[in-house]
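K.L.:
As a plain string of letters, each chain reads:
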Amino acid sequence: MDNQKRITCIVCPLSCKILVKTNKKRIELVHGNKCKKGIEYARSEALDPRRMLTSTVLVKYGDWPLVSVKSSKPIPKDIIYKVLNEIKKISISAPVKMGQIIISNVAGTNINIIATKNIKKEREVDYI
Amino acid sequence: MNEKSVNVAIIGGGPAGLAAAISAKKNGAEQVLILERNSWLGGILPQCIHDGFGVEELGKSLTGPEYSEMYIDMVKKLKIKTMMETMVLELNKNKTIIAVNRNGIYKIKAKAIILAMGCREKTRWNAMIPGNRPSGVYTAGVAQSFINLYNIMPGKNVLILGSGDVGLIIARRLKFEGANVLGVVEILPYSSGLPRNVVQCLDDYDIPLYLNQTITSIEGKERVEQVTIAQVDKNKNPIISTERRIKCDTLLLSLGLIPENELSKKTNIDIDKQTGGPIVDQHLQTSQEGIFACGNCLQVYDTVDLLSKDAKKAGKNAVLAPDKIKNFVKVKSGKGVKYIIPQIVTKPGNIFFTLRVEKPYEIPTLVVKAGDKELMRKKLPWANPANMVEFQINVDKETIISNDLIEVMLDG
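Residue numbers (our numbering), protein chains in the order written: chain A, 585 to 712; chain B, 101 to 512.
Fair warning: there could be bad hints in the mix.
As the list claims (entries may be wrong) - With a Cα cut of at most 30 Å, we get these calculated DSSO-like pairs of lysine-lysine: (1) A:Lys589 <-> B:Lys211; (2) A:Lys681 <-> B:Lys412; (3) B:Lys413 <-> B:Lys211; (4) A:Lys704 <-> B:Lys160; (5) B:Lys160 <-> A:Lys589; (6) A:Lys618 <-> B:Lys211; (7) A:Lys621 <-> B:Lys275.
Stated by the list, open to error - Between beta-carbon pairs, the in silico distance windows are: (8) A:Arg707 <-> B:Glu458: 28 to 36 Å; (9) A:Asn587 <-> B:Glu156: 56 to 64 Å; (10) A:Leu603 <-> B:Lys209: 22 to 30 Å; (11) A:Lys704 <-> B:Asp496: 51 to 59 Å.
Quick caveat, the hints were computed from the structure, so don't treat them as lab data. Here the structure is a predicted model, which is why all the values come from computation and not from measurement. C-beta: ideal position from N, C-alpha, C; glycine also.
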């Protein structure tokens, strides 16, 4: 069974309009992408749509009340809310280092949730 | 008054100021000073927690905080001085800055100054939206800082006016945090944000985008209770018979950004009415010798990647100090071109331009003329007001000496 889809690439701001044909298991045609990443994105979007997930996690005793986080890899689209719920449940004590794993193997995906910001302890704010 | 003397002083510690400072230092400026009015560096980036920053520049996708942290690290490593929570009050033509912070007033003398003040959001009053004045009306960027920095939810049932990138990104963010996002209202027939943001912020979460519509009234006593929206005609005037009410408690405005140039104007730096930023030459030097401009106070960029690249150019040129201007040729925005930078060219050579188009085009031809001479004719795959167009052309000596204008236009 032929299946064709017009998608907008979200890898970069160019937002290429790509036509992708699949037979539900494999890509048969990708047209309109300006770079290799477009092919990868089209394949994933047609067969296994995923998104990078970014959110925030509560911080205790920090100079900011939140630390921004991201998924270490794109997350399957259909479990985004499940992952968000796990992120909402937790909090972490300052200091937090950028790159630090906040949740490992989130929702059994083998994907980690990692900090994207440094959060210092309260009152330890230095002015560089 | 505290007095200081530096080689390069930079007003603003956002992404443009950081990139300009790093480049000035690397190009030989001994003392580089960044003046920042907030308590943190990186400007708006720490609240832009989504990813997509750095794709063009670094070939990888970073979040806003990660991107800014990378530049802040370099600033620290290069021992660039910063003055935090410091407000610049005055900028003088003799390249003296008057600034104030908790320790008092400073007079800072610089050999070159780089303007990197950024931009700010348009408000309800820029769009002249009628109605009551209840609480619950915020700009999208303010709501973003509430949610991502301060852990405050701006509301429960939210309508967004304007489909710029900040508006689209905040729609998804609100949805993630459990708000009911009622839709995004856009007066134009197309989204003013990047297409990829329409896909991954609205389409993914079934948030409706109401095109060719606008808000005709905001109602509510204490808090927003309802908003009236209507379709618009060809002249963007609301069609009253199409009015309908949407119950909501919060209205977010993503109406576009205005370069912040109060300081530039007070210093009599010439401002381009289209960009809202200073008129610059190919060195990014303003009409005041030794004062350069970069970042969103020069033009509102659509990616930080290109913004940083241009800011580095400003940093380098501030150190190298271009020769006094003898001749110059003006660059004019022709058909289909909203604005172009630089607005003047003072020297022959390969000149980099950035422009923004007035409306979406499919396969337009970019034409550059100087008098009768055609300098360039190039087919573009597409052009969209949300995406800046970059190109370079070789401008020869004759063109600069002649009294011709360089005119840039779009065909098709």
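K.L.:
Hint by hint, note whether the structure agrees.
P.N.:
Evaluated hints:
1. A:Lys589 <-> B:Lys211: The given pair, whose Cα atoms are some 57 Å apart, is violated under the 30 Å limit.
2. A:Lys681 <-> B:Lys412: holds, 28 Å
3. B:Lys413 <-> B:Lys211: Within the cut-off at roughly 17 Å; holds.
4. A:Lys704 <-> B:Lys160: Roughly 26 Å separates the two Cα atoms, so the pair holds.
5. B:Lys160 <-> A:Lys589: Holds. Lys160 (chain B) to Lys589 (chain A) sits at ~26 Å (cutoff 30 Å).
6. A:Lys618 <-> B:Lys211: violated, 44 Å
7. A:Lys621 <-> B:Lys275: Holds, at roughly 28 Å.
8. A:Arg707 <-> B:Glu458: 28 to 36 Å: violated, 52 Å
9. A:Asn587 <-> B:Glu156: 56 to 64 Å: violated, 32 Å
10. A:Leu603 <-> B:Lys209: 22 to 30 Å: Violated, since Leu603 (chain A) and Lys209 (chain B) (Cβ atoms, about 60 Å apart) do not stay within the stated range.
11. A:Lys704 <-> B:Asp496: 51 to 59 Å: With Cβ atoms ~55 Å apart, the hint holds.
Hints 1, 6, 8, 9, 10, counting from the list given before, are not met by this structure.
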